[in-house]
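A.B. asks: Please work from the sequences and hints to get the whole structure.
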Amino acid sequence: SQQGEEDPQALSIQEGENATMNCSYKTSINNLQWYRQNSGRGLVHLILIRSNEREKHSGRLRVTLDTSKKSSSLLITASRAADTASYFCATPGLGGSGDKLTFGTGTRLAVRP
Amino acid sequence: KAGVTQTPRYLIKTRGQQVTLSCSPISGHRSVSWYQQTPGQGLQFLFEYFSETQRNKGNFPGRFSGRQFSNSRSEMNVSTLELGDSALYLCASSPGTANEKLFFGSGTQLSVL
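Which chain is which? The protein sequence lines are A and B, in order.
Going by the numbering used here, the first sequence opens with residue 1, and the numbers climb by one from there.
Going by the numbering used here, the second sequence opens with residue 114, and the numbers climb by one from there.
Everything labelled a hint here was simulated from the structure, so no lab data went into it.
None of these values were measured; they are calculated from a predicted model.
Check each hint, because a few of them may be wrong.
If you want a taste of the chain B side facing chain A, the calculated C-beta under 10 Å gives, among others [unchecked claim]:
no. : residue
1   : L156
2   : N169
3   : E213
4   : G220
SDA-like, lysine to any residue: derived pairs with alpha carbons at most 20 Å apart [claimed, not checked]:
no. : chain 1 : residue 1 : chain 2 : residue 2
5   : B       : K214      : A       : R41
6   : A       : K26       : B       : E213
7   : B       : K214      : A       : R36
8   : B       : K126      : A       : G40
9   : B       : K114      : B       : H142
10  : A       : K70       : B       : E213
Where is the CB? At the ideal position from N, CA and C, for every residue including glycine.
C.D. replies: Shown next as structure tokens:
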């Protein structure tokens with residue numbers, strides 16, 4: 001079963017615009033991660049935010065986490081055609097080593113040149 | 114460092130056959146996780162191995178099995194293939210815990226005819 005649900009399912013924007021995608025999850029977490037997947041390929045880790053952090057930046061990426069609402073958002077600023085991909089949030093349960101990551105349903109982002 | 118290597122990249126099998134997929138993790142990584150990705154179900158966790166021991170298992174039938182060798186390389190096996198087993202199978206490695214940053218391979222695309 002999916003732990004995270006991404007919203008929107010699909011997003012189409014013009015190059016240079018910002019893209020925002022949201023993730024909601026169900027159980028308590030100690031971290032939340034975002035991954036990118038180009039069509040038919042493996043996932044690439046983008047950023048990890050811990051439960052005691054509210055915001056984190058990495059280059060053009062900005063992630064926020066609201067544990068009271070069990071939600072996170074990923075903002076990509078000044079998007080490029082190369083950002084076209086699917087984006088997934090992923091959460092572990094609480095439980096230390098041996099736990100697993102559960103992935104959300106993903107947001108398909110298309111950036112038009 | 115070389116990334117996670119999965120072989121083969123593509124595989125076509127017929128119903129009833131069995132298949133073995135291989136994954137070589139990043140050097141020094143001891144945890145290997147396997148995921149199944151389909152358009153309908155998204156990314157589903159299969160199992161995770163650490164130091165040759167299965168630490169965690171998802172909700173898949175017993176036809177799905179795996180193992181890990183002393184050099185951390187891992188294999189997964191699917192017996193008595195069904196049409197619904199057609200999917201992208203992804204392997205991911207990490208140094209220790211499986212609930213922080215994962216490094217994914219490019220996947221094996223399995224088609225069952």
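A.B. asks: Of the hints stated earlier, which fail here?
C.D. replies: none
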